[in-house]
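Given only the sequences and the hints, what does the whole structure look like? Please build it.
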Amino acid sequence: MADDAPTAEAEAPDAPEVATDGRREALRAIFAEYLGDALLDSAIKPGQGLWIRVATAAWAEAGAVARDKAGCKYFDFLSAIDWLPSPYGRYEDSSVDVPFPPPMPDRSSAVPGYAGGDSRLQVLASVAKTGTDLRVLLKADVPDDDPRIGTWVRTYSGAAWHERETHEMFGISFDGNADLRNIYLPTEFEGHPLRKEFPLLARVVKPWPGIVDVEPMPGGDDDEEEEATVAGEGSDA
Amino acid sequence: MTLTDAQQLGYINAQAADGRVNVELETDDGMVLNMGPQHPATHGTLRLVARLDGEQVTSADVMCGYMHRGYEKLCEVRSYPQVTTLVNRIDWLGSFANEVPFILAAEQLMDVEAPPRAQWIRTLLFELSRIANVSLFIGDLALQLGAQTPAFYAFRDREFVLNQIESVTGGRFHPNFDRIGGLKDDLPKGWIAETKAAMVRLRGFCDVMEGLVYGNEIFQTRTRGIGIIPAPIALSYGLSGANLRGSGVDWDLRRDANVGLVYDQLDWKVWTHPDGDSYSRCWVRLQEVREATKMVDQLCDGLPSGPIMAKVPRIIKVPEGEAYVATENPLGQMGYYVVSKGDTGPFRVKIRSASFNNISIAPWLLRGVYVPDIITILASLYFILGDIDR
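Sequences listed follow chains Z and D, in order.
Numbering-wise (this note's numbering), the first sequence opens with residue 1 and increments by one.
Numbering-wise (this note's numbering), the second sequence opens with residue 238 and increments by one.
Be aware that a few hints might be false.
FRET-style restraints, in silico, Cβ to Cβ [what the hints assert, rightly or not]:
#1 D:A430 - Z:V205: 23 to 31 Å
#2 Z:T132 - D:P609: 34 to 42 Å
#3 Z:G22 - D:W428: 57 to 65 Å
#4 Z:T132 - D:W428: 30 to 38 Å
#5 Z:V205 - D:G452: 51 to 59 Å
#6 Z:T132 - D:G579: 28 to 36 Å
#7 D:D290 - Z:P102: 53 to 61 Å
#8 Z:E190 - D:G579: 29 to 37 Å
#9 D:E350 - Z:R107: 34 to 42 Å
#10 Z:P105 - D:R409: 39 to 47 Å
Derived coverage of chain D by chain Z (criterion: at least 3 residues anywhere in the stretch with Cβ under 8 Å from a Cβ of chain Z; other residues may be distant) [unchecked claim]:
#11 391-402
#12 589-599
Within a straight-line C-alpha distance of at most 30 Å, the following computed DSBU-like cross-link-like pairs (lysine-lysine) qualify [stated by the list, open to error]:
#13 Z:K45 - D:K578
#14 Z:K196 - D:K310
#15 Z:K129 - D:K587
#16 Z:K45 - D:K531
#17 Z:K69 - D:K587
#18 Z:K196 - D:K506
#19 Z:K73 - D:K506
Simulated from the structure, these hints should not be mistaken for laboratory data.
Model, not experiment: these values are computed from the prediction.
Ideal Cβ positions, reconstructed from N, Cα and C, are used throughout, including at glycine.
Next comes the structure, spelled out in structure tokens:
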């Protein structure tokens with residue numbers, strides 16, 4: 001499934017005209033040197049970003065490497081991504097015929113993004129090198145059955161609040177962060193709102209007529225260039 | 238740098254959680270002072286629970302979430318053009334600046350570039366947002382220190398900027414003007430001259446404030462040497478904007494990581510201050526307003542002609558991919574991590590807002606300060622509640 005991600009290795013033969021990004025490759029080499037096999041996958045979009053996926057056990061170490069070896073002393077953010085498609089879709093259709101809660105999508109439908117992955121939940125963090133536009137987006141898989149990973153608070157103090165937020169929003173625990181109280185939600189709140197199976201109740205009770213919004217305006221059908229100028233995947237619209 | 242004493246905080250929270258008291262005089266281990274969620278010295282509903290030993294803070298805990306609106310979840314059910322309406326409300330004093338990084342991230346995924354004129358007008362509105370936002374900060378700062386007049390001056394002069402924003406976008410606070418591929422509309426007639434006149438006025442405002450507030454002896458006594466953040470600490474907490482540059486870190490995304498805006502074509506400088514105290518943070522902000530007025534003048538002069546929209550399909554579907562774009566917003570770095578699955582709406586949006594990081598240093602910074610300094614330190618960190626809670 002990870003083959004869809006444009007890893008640098010896959011990109012090189014297909015698109016030889018794409019500019020290589022020496023600075024980001026040098027940055028990746030530093031991580032590869034210090035993390036060794038724990039660097040599982042990576043992707044570079046020249047001039048735009050560097051993604052590195054590390055092993056779950058090496059997450060804390062990856063933070064230390066980023067700060068001390070790669071020179072990314074600036075902590076940007078830490079969060080997570082739930083790759084499972086939402087069982088509610090985008091709440092655009094009437095929920096009358098749909099049982100509530102709808103059946104969960106098949107686990108195999110969780111397709112990870114850049115730098116691949118095997119788990120449904122992934123932590124995502126960004127660190128940056130001050131004075132430049134270089135930043136590293138680090139990812140790590142979080143086990144499905146026991147969402148738990150090492151903490152970054154010893155490396156980046158600012159990670160403490162971000163881990164609290166990730167803990168309440170995704171239910172991921174951070175070993176070593178003693179203060180994982182809820183930061184936004186009430187203490188007794190149940191569930192993890194940013195997981196895909198968590199319903200957006202306002203939309204469940206009253207479906208959003210979003211599909212209507214993107215239909216052509218009456219009298220404005222002079223779109224000869226529609227779908228034509230931007231390369232994309234919108235050909236089935 | 239030590240970690241927060243979780244047990245102590247747990248005790249404070251247990252006491253303060255039900256909001257029984259504002260001040261608890263239980264004196265075996267100091268006193269608990271609960272500020273907020275509605276308190277004149279906090280902008281918005283930020284709640285601060287401080288444990289005091291006499292007049293000194295032994296530990297402070299910030300409680301946010303009174304304004305959490307769940308934008309990251311809401312973004313997942315909106316189409317791309319609809320998201321800008323939501324994110325307008327994050328930093329409500331500089332709304333247009335909230336839209337820009339999201340639009341830039343979407344454009345990066347779609348491989349679309351706005352035409353030059355749109356980029357210039359974007360930069361223009363971006364800097365006007367900064368002026369509107371930070372000029373109010375200067376007035377509010379003085380208000381928190383007990384001076385009322387500067388706040389009136391700030392509200393009065395900010396209006397000239399808001400009028401200019403309104404005459405372009407139709408909205409004083411929530412323009413919702415940025416589009417994937419360009420802008421909704423072009424500038425109205427006569428706008429350039431009016432804007433330049435407003436900038437002259439705002440430069441006068443900066444000069445007045447520099448004498449009235451920054452030169453004031455009481456202001457200096459209460460901010461100089463108070464709330465010092467060393468640069469390594471600022472970096473490790475991810476502070477940004479004037480909070481970072483006030484600690485002597487010379488890093489501005491406008492200069493160093495410019496994406497899709499025209500800062501590289503302007504003549505301007507990044508202001509830093511080596512002290513890292515409350516005063517330096519406020520001082521850097523004042524200089525940034527002044528610098529922004531000069532930038533606006535240059536932008537008005539150099540505005541190229543041409544279209545303001547690139548050719549984009551009517552139904553916007555963003556190709557599969559991930560992008561992270563951050564810009565230097567009035568409050569600091571704001572970024573959007575957008576994950577697309579090729580749909581009309583994003584699959585996941587992580588909103589990296591400046592104030593969340595900026596205020597996360599408060600428990601560290603407030604330890605050991607005196608009670609009146611809490612106010613100046615929080616004021617100098619400058620947060621917007623909507624930007625913390627999102």
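Subject >> Non-conforming hints, listed in increasing numerical order >> reply: Numbers 1, 3, 11, 16, 18, in rising order.
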